[in-house]
Amino acid sequence: MEDAMVTGRMSAEKKAAGAKVLAKAGLNASQAVNLLYDKLEEEQSADFLLHRKPEPREWESAGKLLDALASPIPIHTRFDNMTRGEIKLERAKAKGWI
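Going by numbering that gives the first Met the number 0, the letters in the sequence shown line up with residues 0 to 97, in that order.
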(Lines of atoms letter the chains of each structure in order from A and count residues from 1; the text may use other names and numbers.)
(Lines give C-alpha, C1' and ligand atoms only; values in the text may rest on other atoms or scores of the structure.)
Protein backbone atom coordinates (compact mmCIF):
# COMPACT_ATOMS: atom_id res chain seq x y z
CA MET A 1 0.00 0.00 0.00
CA GLU A 2 1.26 3.45 -0.86
CA ASP A 3 1.92 5.94 1.96
CA ALA A 4 0.04 9.24 2.04
CA MET A 5 0.85 12.46 3.90
CA VAL A 6 -1.55 14.03 6.42
CA THR A 7 -0.95 17.66 7.34
CA GLY A 8 -2.47 19.52 10.26
CA ARG A 9 -2.11 23.04 11.62
CA MET A 10 -1.77 23.88 15.31
CA SER A 11 0.19 26.18 17.56
CA ALA A 12 3.82 25.33 18.25
CA GLU A 13 3.00 25.17 21.97
CA LYS A 14 0.25 22.60 21.40
CA LYS A 15 2.55 20.53 19.19
CA ALA A 16 5.32 20.54 21.82
CA ALA A 17 2.93 19.67 24.66
CA GLY A 18 1.37 16.87 22.64
CA ALA A 19 4.78 15.51 21.64
CA LYS A 20 5.72 15.24 25.34
CA VAL A 21 2.60 13.23 26.08
CA LEU A 22 3.18 10.98 23.08
CA ALA A 23 6.83 10.47 24.04
CA LYS A 24 5.75 9.26 27.50
CA ALA A 25 3.66 6.62 25.73
CA GLY A 26 6.54 5.74 23.40
CA LEU A 27 4.80 7.21 20.36
CA ASN A 28 5.55 9.89 17.81
CA ALA A 29 3.07 12.08 15.89
CA SER A 30 2.94 9.77 12.85
CA GLN A 31 2.16 6.76 15.01
CA ALA A 32 -0.54 8.71 16.88
CA VAL A 33 -2.17 9.85 13.63
CA ASN A 34 -2.11 6.27 12.33
CA LEU A 35 -3.75 5.05 15.53
CA LEU A 36 -6.34 7.80 15.22
CA TYR A 37 -7.20 6.77 11.67
CA ASP A 38 -7.33 3.09 12.71
CA LYS A 39 -9.86 4.01 15.39
CA LEU A 40 -11.89 6.13 12.95
CA GLU A 41 -12.05 3.21 10.54
CA GLU A 42 -12.93 0.75 13.31
CA GLU A 43 -15.67 2.94 14.82
CA GLN A 44 -16.95 4.32 11.51
CA SER A 45 -17.59 7.47 13.49
CA ALA A 46 -15.69 10.42 14.97
CA ASP A 47 -17.99 10.66 18.00
CA PHE A 48 -15.25 9.42 20.34
CA LEU A 49 -13.29 12.58 19.51
CA LEU A 50 -16.13 14.86 20.55
CA HIS A 51 -16.59 13.63 24.12
CA ARG A 52 -15.59 16.22 26.65
CA LYS A 53 -15.12 16.40 30.39
CA PRO A 54 -18.21 17.69 32.17
CA GLU A 55 -18.03 21.14 33.73
CA PRO A 56 -18.02 21.32 37.56
CA ARG A 57 -21.61 22.65 37.50
CA GLU A 58 -22.65 19.56 35.50
CA TRP A 59 -21.06 17.26 38.09
CA GLU A 60 -22.87 19.19 40.82
CA SER A 61 -26.18 18.81 38.98
CA ALA A 62 -25.60 15.08 38.51
CA GLY A 63 -24.75 14.71 42.21
CA LYS A 64 -27.98 16.46 43.20
CA LEU A 65 -29.94 14.13 40.94
CA LEU A 66 -28.34 11.07 42.51
CA ASP A 67 -28.97 12.42 46.00
CA ALA A 68 -32.62 13.00 45.10
CA LEU A 69 -33.19 9.42 43.98
CA ALA A 70 -35.22 7.47 46.48
CA SER A 71 -33.24 5.00 48.52
CA PRO A 72 -34.43 1.40 48.34
CA ILE A 73 -37.23 0.51 50.71
CA PRO A 74 -35.94 -1.99 53.25
CA ILE A 75 -37.69 -5.33 53.06
CA HIS A 76 -38.80 -6.70 56.39
CA THR A 77 -39.70 -10.32 56.90
CA ARG A 78 -41.09 -12.25 59.80
CA PHE A 79 -37.60 -13.69 60.31
CA ASP A 80 -35.94 -10.33 61.09
CA ASN A 81 -36.14 -10.69 64.87
CA MET A 82 -35.58 -14.45 65.07
CA THR A 83 -32.45 -16.40 65.85
CA ARG A 84 -31.12 -18.89 63.29
CA GLY A 85 -32.54 -21.71 65.37
CA GLU A 86 -35.99 -20.12 65.44
CA ILE A 87 -35.87 -19.57 61.68
CA LYS A 88 -34.94 -23.21 61.05
CA LEU A 89 -37.74 -24.33 63.32
CA GLU A 90 -40.28 -22.10 61.51
CA ARG A 91 -39.19 -23.42 58.12
CA ALA A 92 -39.35 -27.02 59.29
CA LYS A 93 -42.90 -26.42 60.58
CA ALA A 94 -43.90 -24.79 57.28
CA LYS A 95 -42.67 -27.84 55.37
CA GLY A 96 -44.62 -30.14 57.69
CA TRP A 97 -41.54 -31.81 59.12
CA ILE A 98 -42.57 -30.97 62.65
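Hints listed in this document are in silico derivations from the structure and should not be mistaken for laboratory results. Heads up, the beta-carbon is just placed ideally off N, CA and C, and yes, glycines get one too. Hints may contain errors.
As the list claims (entries may be wrong) - Listed next, with one range per pair, are the computed distances between beta-carbon atoms:
(1) Ala45 / Ile86: 55 to 61 angstroms
(2) Ala69 / Lys19: 25 to 31 angstroms
(3) Glu40 / Leu65: 36 to 42 angstroms
(4) Leu64 / Asn33: 36 to 42 angstroms
(5) Gly7 / His50: 31 to 37 angstroms
Claimed, not checked - Calculated pairs, DSSO-like style, for lysine-lysine (alpha carbon to alpha carbon, straight line, at most 30 angstroms):
(6) Lys63 / Lys38
(7) Lys13 / Lys23
(8) Lys52 / Lys38
(9) Lys38 / Lys19
(10) Lys14 / Lys52
(11) Lys19 / Lys52
(12) Lys52 / Lys63
(13) Lys63 / Lys13
Against the structure, the hints:
A beta carbon spacing of about 59 angstroms between Ala45 and Ile86 agrees with the range 55 to 61 angstroms that was offered as a hint. One distance hint, 25 to 31 angstroms for the beta-carbon pair Ala69 and Lys19, is violated here, with the actual separation near 48 angstroms. Hint check: Glu40 to Leu65, Cβ distance near 37 angstroms, so the stated range 36 to 42 angstroms holds. Between Leu64 and Asn33 the C-beta distance comes to about 41 angstroms, which sits within the given range of 36 to 42 angstroms.
As the Cβ distance of Gly7 to His50 is approximately 20 angstroms, the hint placing it in 31 to 37 angstroms is violated. For the given pair, Lys63 sits about 35 angstroms from Lys38 by alpha-carbon distance, which is inconsistent with the 30 angstroms threshold. Simply put, Lys13 and Lys23 have alpha-carbon atoms about 16 angstroms apart, close enough for the 30 angstroms limit, and the pair holds. The straight-line distance between the Cα atoms of Lys52 and Lys38 is roughly 20 angstroms, inside the 30 angstroms bound, and the hint therefore holds.
Restraint check for Lys38 and Lys19: the C-alpha separation of about 22 angstroms stays at or below 30 angstroms, so the hint holds. Between the alpha carbons of Lys14 and Lys52 the distance comes to roughly 21 angstroms, so the proposed pair stays at or under 30 angstroms and holds. Distance check on the hinted pair: Lys19 and Lys52 sit about 21 angstroms apart at the alpha-carbon level, within 30 angstroms; holds. The hinted pair formed by Lys52 and Lys63 meets the criterion: a straight-line CA distance of about 18 angstroms does not exceed 30 angstroms.
With a C-alpha separation of about 36 angstroms, the suggested pairing of Lys63 with Lys13 is violated against the 30 angstroms cut-off.
Hint check: violations occur at hints 2, 5, 6 and 13; the rest are consistent with the structure.
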